[in-house]
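Chain residues, written in single-letter form:
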Amino acid sequence: MSDTHAESIAFVRESSLPPAAPPEKVGGPFKWVKDNLFPTWANAILTIVALYFLYLLLSGSLPWLLNGVWNASSLSECREILDGATGACFSVISERWHQLLFGFKYPSDQYWRPTLALVLLFLAVAPVLFIDLPRKLLIFTGIYPFLAFWLIWGGPIWGPVFALLGVIVGYMVYARLVHNSFAKALAGGIVAAAIVWYVGGIIGDALRPARPLLEAVPSRDLGGFMLNMMLGITCVSLSLPIGIALALGRQSHLPIVKGICVVFIEFVRGVPLITLLFVANVMLAYFFPPGSGVDLFIRVVIMITMFSSAYIAEVIRGGLAALPKGQYEAADSLGLDYPQAMRLIILPQALKISIPGIVNIAVGLFKDTTLVSVISLFDIIGMIRGPILASTDWNGVYWELFLFASVLFFIVCYGISQYSQWLERRLATDHR
Amino acid sequence: MAETAQMQVSDEVAIRINNMNKWYGAFHVLRDIDLTVHRGERIVICGPSGSGKSTLIRCINALEEHQKGSIEVDGTLLSSDLKNIDKIRSEVGMCFQHFNLFPHLTILENCTLAPIWVRKTPKKEAEETAMHFLEKVKIPDQANKYPGQLSGGQQQRVAIARSLCMRPRIMLFDEPTSALDPEMIKEVLDTMIELAEEGMTMLCVTHEMGFARQVANRVIFMDEGQIVEQNEPEAFFNNPQSPRTQLFLSQILGH
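Chains as they are written, first to last, in the working numbering: chain A, 1 to 432; chain B, 1 to 255.
Note that these hints are calculated values from the structure, not bench results.
Just to be clear, a hint being listed does not mean it is correct.
What the hints assert, rightly or not - Below, a list of computed lysine-lysine pairs in the DSBU-like style, where the Cα atoms sit at most 35 Å apart:
(1) K352/A with K124/B
(2) K136/B with K25/A
(3) K83/B with K258/A
(4) K184/A with K120/B
(5) K123/B with K352/A
(6) K138/B with K123/B
(7) K136/B with K83/B
(8) K258/A with K138/B
(9) K325/A with K68/B
(10) K138/B with K87/B
(11) K136/A with K145/B
(12) K83/B with K325/A
(13) K325/A with K87/B
(14) K138/B with K184/A
(15) K120/B with K138/B
(16) K68/B with K352/A
(17) K123/B with K325/A
(18) K25/A with K124/B
(19) K136/A with K120/B
(20) K352/A with K120/B
(21) K184/A with K124/B
(22) K145/B with K352/A
(23) K352/A with K136/B
(24) K325/A with K145/B
(25) K258/A with K367/A
My request is simple: use the sequences and hints to build the entire structure.
Printed below as a string of structure tokens:
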């Protein structure tokens, strides 16, 4: 302010001030410690107390972790090797590795099948998760569910082939009609797919080979962490579209549609998941035509999907409510019809707002898949509590097994959470 | 100026509103509105807040539903049939006070979305049209940015371009400059004046009286849901008849 004249009010700037660099930061490790750990007496005491607790935690757990035994064949042998010292018996994990991952009934010479399905899963979800990848890869994503089904369950190939064919025909009918009317196209697609499925079912029965290429594995034989992954992935990917439909239905002006959605959401949210699972296990069979014998896996998927889609619907409803009314009006004023306005304007924004909530539910749902252990499905928790802890070799090894299960779940859930944060940053277009 | 503007008005009726009434619950927002707008006419609607002026133009493209009377746009009678409403909306462009651009789409995508999906224009052609109108509102260089990166004045000009991309025959403006800084009001008004000079049929809810004097054929003053006075701008500003209009004009022109 060198060109101000202190004694007068009038002021005219004669030269513009050039932008100056910000003052340099004074740094150094000592200053960082002082600023962040010991800025005041009270904070210094808190720091010391926290360090003491960290010490207690690590001094208790580190020897146990680092001194772990990895190559014993039973708990007693493990104790002999430890000879009274503190140490974990991780050998239960290496010895029961396959049971923890695949369950105890999956044929051991077929483990490559679910493993291959898992590897292909990464290929299939990549174009869905990373929107910058070429869209052509989505073709494989579309094929993947049928391929994975065939790999894991095995049996005659005709089932998945006709299921896929039905979807393709349905999509073609949809694509042909969608320019006229979205609702007609959707209905036409579903009808076309149903016809193909019905005809395919008859042809598939006729073509049933004496000995299928891949040995058939019944659902009861699936287990271990594989079962958790299968349930988690299937239910999340099914409950997202259903949740969107429920959220839109709840906002609908049509009283019957709205009523059904509200009752469904409120009912499912008011009932514990475990109750629904018992229903799936015991009672759902009564609702299906006698002798149809709907697979237990499918019944469980239906229940978990119902449960999580109700929650996802509420999260998305929050996202819809957060959008300014002007977005709906702008879409309307341009002449977009309801499906177009929703698909192009409203949902992309509402879903973006809802990402943290949806991820929260997806993570919770994935962990809730362990509840199937109470209806005697042998997922990873079912395996630990059942066959492994009940065996004479490993009776009493709790910490190591549950720690292992926690690590597996943590890896997946932390991955989901990191991905969602990346996605939020990637989609941030409004305040750059 | 006013005379040349007059000459472009044709006898063809663009909008005919007959004895239209609207209620919000028990509140009577619009009372017996009768209004005929000819093709090429520029009408400025002003009045105190709550007088129903925004509601009136929002009824024309069915953003608000009227309960009594009739609205006819381009010869099509507005009914509650969705196809009919969408048809009218695709012929009538609208600009909002808060722009209402789509923040998840680029400027270009904002402009091409409706032509591609409603008019089924091929993408390439829609992009050419969009660039043409973005040049017209003087921001072609912003085409690949997102709305959040633009100033308010630029956003409102994009909103105008977005409406024009649908090649509307009528444009509605709902207080297009009242959310803008004074320096940005001019750039938006210039765009609107240019549009008026090309003979677009326009209904503007605005308090920009300079704009009204320059381009309007008719100024309408509303209060308590009724049209209180309408006249040519010269007569309206220099010789208002109703005491309510006189009071309103003295309030807004007084300072």
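Verification of the hints:
Between the alpha carbons of K352/A and K124/B the distance comes to roughly 28 Å, so the proposed pair stays at or under 35 Å and holds. A hinted pair counts as satisfied when its Cα atoms are at most 35 Å apart, and K136/B with K25/A does not qualify at roughly 48 Å. Between the alpha carbons of K83/B and K258/A the distance comes to roughly 22 Å, so the proposed pair stays at or under 35 Å and holds. Under the criterion of a C-alpha separation no larger than 35 Å, the hint pairing K184/A with K120/B is consistent with the structure, at around 18 Å.
Restraint check for K123/B and K352/A: satisfied, since their Cα atoms lie roughly 25 Å apart, inside the 35 Å limit. In summary, the hint linking K138/B to K123/B is supported, as the alpha carbons are separated by about 22 Å, within the 35 Å threshold. A threshold of 35 Å between alpha carbons decides the hint, and for K136/B with K83/B the separation of about 31 Å falls inside it, so the pair holds. At most 35 Å may separate the alpha-carbon atoms for a hinted pair to count; K258/A and K138/B exceed this at roughly 46 Å.
Restraint check for K325/A and K68/B: satisfied, since their Cα atoms lie roughly 25 Å apart, inside the 35 Å limit. The suggested pairing of K138/B with K87/B holds, with an alpha-carbon distance near 29 Å, which does not exceed 35 Å. Taking the CA atoms of K136/A and K145/B, the gap is about 26 Å. The hint holds against a cut of 35 Å. For the given pair, K83/B sits about 22 Å from K325/A by alpha-carbon distance, which is consistent with the 35 Å threshold.
At roughly 22 Å between alpha-carbon atoms, K325/A and K87/B fall within 35 Å of each other, so this suggested pair holds. Restraint check: the Cα-Cα separation between K138/B and K184/A comes to about 42 Å, which exceeds 35 Å; the hinted pair is violated. A C-alpha spacing of about 26 Å is found between K120/B and K138/B, which places the hinted pair at or below 35 Å, so the restraint holds. Among the hinted pairs, K68/B with K352/A is inconsistent with the structure: their alpha-carbon atoms are about 40 Å apart, more than 35 Å.
For the given pair, K123/B sits about 28 Å from K325/A by alpha-carbon distance, which is consistent with the 35 Å threshold. Annotation: proposed proximity of K25/A to K124/B is violated, straight-line Cα distance about 52 Å (limit 35 Å). Note on K136/A and K120/B: the hinted pairing holds, with a Cα-Cα distance of about 24 Å set against a maximum of 35 Å. In summary, the hint linking K352/A to K120/B is supported, as the alpha carbons are separated by about 27 Å, within the 35 Å threshold.
Annotation: proposed proximity of K184/A to K124/B holds, straight-line Cα distance about 28 Å (limit 35 Å). A threshold of 35 Å between alpha carbons decides the hint, and for K145/B with K352/A the separation of about 19 Å falls inside it, so the pair holds. Only pairs whose Cα atoms come within 35 Å are accepted, and K352/A paired with K136/B is accepted, the gap being roughly 33 Å. With a C-alpha separation of about 23 Å, the suggested pair K325/A and K145/B falls inside the 35 Å cut-off, and the hint holds.
Annotation: proposed proximity of K258/A to K367/A holds, straight-line Cα distance about 31 Å (limit 35 Å).
Consistency with the previously given hints fails for numbers 2, 8, 14, 16 and 18, ordered from lowest to highest.
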